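Here my numbering is used: the first residue of the sequence shown is 3, the next is one more, and so on.
No lab work stands behind these hints: they were computed from the structure. Predicted model, so just to flag it, every value in this text is computed and none were measured. Note that the Cβ used here is the ideal one computed from N, Cα and C, for glycine as well. Honestly, I wouldn't trust all of these hints.
[Stated by the list, open to error] With beta-carbon atoms standing in for the labels, derived distance ranges:
hint, residue 1, residue 2, range
1, D90, Y170, 51 to 61 Å
2, D80, G42, 14 to 24 Å
3, E176, R87, 52 to 62 Å
4, I179, G150, 16 to 26 Å
5, R160, L128, 21 to 31 Å
6, I179, D90, 37 to 47 Å
[Stated by the list, open to error] Computed list of lysine to aspartate or glutamate pairs in EDC-like fashion (alpha-carbon distance at most 20 Å, straight line):
hint, residue 1, residue 2
7, K124, D103
8, K135, D103
9, K124, D37
10, K135, D119
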Amino acid sequence: MAAPMYIPSSVFGANERIVTAHIGTGERGRSDMGDFLRHGVQVAAICDVDQSHVMLAQQEINSFAQQQNSGDSQNRVDHYSDFRRILDRKDIDAVVVVTPDHWHSIPTILACESGKDVFCEKPLSLTIDEGRKMVEAARRNNRVVQTGTQQRSSENFRWACELVLNGYLGELREIQIGIPQVKFRFFNLKGEPRFDTGRRIP
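Let's have the full structure, built from the sequences with the hints guiding it.
The following block contains the structure:
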């Protein structure tokens, strides 16, 4: 598997920037949106059934635009509560799906059918059947679909697996795993699901 190559957005003209719409703007959705903004992506639309999430996302977009001195172009963002309205737009290249887990497959499939590429948070699907339908939609429409399982493809994890698989560490009898404390703002999620890094492994 080749490592992704990042090309600075400065090499692209205004009409060549990737234009995204973000479906789901809760805590995790806003975190992903910030990553896209920092890589020079144009966020054109945000969608959430909870309008307080939409407003928080807009505030983050405004703040980013002010820091970049690009306020007049980046903070013109349309707000939606129905993701299907986003899929009707021809100016959007890709959608980012960060809805609750049971709502990942439908927006992804419909986005592929509307000719848009997709980044979907994990889990990609809840059932094998859903997953197969997502793959079929991506292939049928020649779309790129990526899911956020970064640790499984990160270089340090792959290197550790290679060491074990090739016997460099000898016979393993016990493995102890520790997840460093990550300072997510769990206290303000108001019933939202927690990040999986916050779980304790038995």
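How the hints compare with the structure:
1. D90 / Y170: 51 to 61 Å: 54 Å, holds
2. D80 / G42: 14 to 24 Å: Holds, since D80 and G42 (Cβ atoms, about 20 Å apart) stay within the stated range.
3. E176 / R87: 52 to 62 Å: Cβ of E176 to Cβ of R87: about 53 Å, so the range 52 to 62 Å holds.
4. I179 / G150: 16 to 26 Å: Roughly 20 Å apart at Cβ, these two residues keep to the hinted range, so it holds.
5. R160 / L128: 21 to 31 Å: Hint holds: Cβ distance 27 Å, inside 21 to 31 Å.
6. I179 / D90: 37 to 47 Å: 45 Å, holds
7. K124 / D103: 7 Å, holds
8. K135 / D103: 16 Å, holds
9. K124 / D37: 16 Å, holds
10. K135 / D119: OK: K135 and D119 at ~15 Å, within 20 Å.
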